[in-house]
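Kindly generate the complete structure, drawing on both the sequences and the hints.
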Amino acid sequence: MRVKVDQLDCTGSAMCELSVPEVFVLDSAGLATVRTDGPLTGASVTADGVAVPAELHDAVRAAAAGCPGACISCRPLPLPSPWPRPGRA
Amino acid sequence: MTQLQAEPGAADLADVGPAENFPVGRLVLIEFSGHTIGIIRTRHGVHAIGNRCPHQGGPICRGIVTGTMAPSAPNEYVYEKDGEIIRCPWHGYEFELSTGQSVGAAVRGRVPVYPAEVRGGRVYLALRRKPLADRG
Chain V
34 MRVKVDQLDC TGSAMCELSV PEVFVLDSAG LATVRTDGPL TGASVTADGV AVPAELHDAV
94 RAAAAGCPGA CISCRPLPLP SPWPRPGRA
Chain A
839 MTQLQAEPGA ADLADVGPAE NFPVGRLVLI EFSGHTIGII RTRHGVHAIG NRCPHQGGPI
899 CRGIVTGTMA PSAPNEYVYE KDGEIIRCPW HGYEFELSTG QSVGAAVRGR VPVYPAEVRG
959 GRVYLALRRK PLADRG
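As they're listed, the protein sequences go chains V and A.
Just so you know, the first sequence maps onto residues 34 to 122 in this note's numbering.
Just so you know, the second sequence maps onto residues 839 to 974 in this note's numbering.
If you are wondering where the hints come from, they were derived from the structure by calculation, not from laboratory data.
There may be inaccurate statements among the hints.
Cβ pair distances, simulated, as ranges [what the hints assert, rightly or not]:
1) Gly958/A x Thr79/V: 38 to 44 Å
2) Ser871/A x Asp81/V: 28 to 34 Å
3) Thr880/A x Asp39/V: 40 to 46 Å
4) Ile902/A x Pro113/V: 28 to 34 Å
5) Thr880/A x Thr69/V: 36 to 42 Å
6) Asp81/V x Arg957/A: 32 to 38 Å
Built from N, CA and C at the ideal position, the CB exists for glycine as well.
Here is the structure:
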C-alpha cells in the first residue's frame, strides 16, 4: 500500500502522528508528511506516495479514516500478475 | 457551488471571479482544482480557507462569521475581531480567518488558509498554503 498526505488540506491536528508515529510526522510548517526513516527507511517513494509494510496497513487505514482534513490517501500496490509473462518458460 | 479549474501554466494566483460574486461578510464556497475552498471578503481583505475543522473535520465553511470574546477582567466583557472569526457549526470552536489558528489555542492544528487577494475588482487565489511567517 502506498500512503500520501495532501498538505493543501492538512489541518495539522497531528491525529495521524499520534496514532501511527512510525509512518506520519509533522514537518516544520506543522503539516503532516509521510516519514522515510525508521521502519520506512529505504521504502519505495513515487508520486503515489510511500510504500508501507503490510503490518502497518490497518493502522494507516484507521489514521486515514480519522484524519480531520481527510488528506491521507492509501492506494494498494499493484498485485503481481498471476499469468506468466510471454517469452518466459 | 462554482466549479473552477486552475489553468495549466497559469501564474500562481488564479482568477476566481469578480469581487461582486463575493459579497462582504458572506462566505462563498467554490470547487477549485479538486479542493473545496471557502472565500470570504471582510473589511480587512479577502480570505480563502479549507472546509475542514481541525477538531473533527466538520464543514467549517458552513459556520458563522463572527467575532470573539477577548480575555478580560471579571464582570467585563470585551468583544473583538468582529467579522474576522469563523465558528465551526459542529462544536463551536472558533478560528481566525486570516491565519486559521484556533482562538485561544483551544484546538491543535489550524484551518487550511490559502493566499487570496482582490485586484482590479477581481478575486485571485493561490492553491498553496500560507507559510507560518507569512500569516496575518
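A quick look at each hint next to the structure:
no.: 1; hint: Gly958/A x Thr79/V: 38 to 44 Å; in the structure: holds (41 Å)
no.: 2; hint: Ser871/A x Asp81/V: 28 to 34 Å; in the structure: violated (18 Å)
no.: 3; hint: Thr880/A x Asp39/V: 40 to 46 Å; in the structure: violated (27 Å)
no.: 4; hint: Ile902/A x Pro113/V: 28 to 34 Å; in the structure: violated (53 Å)
no.: 5; hint: Thr880/A x Thr69/V: 36 to 42 Å; in the structure: holds (41 Å)
no.: 6; hint: Asp81/V x Arg957/A: 32 to 38 Å; in the structure: holds (37 Å)
Of the hints listed earlier, those the structure fails to meet are numbers 2, 3 and 4, in rising order.
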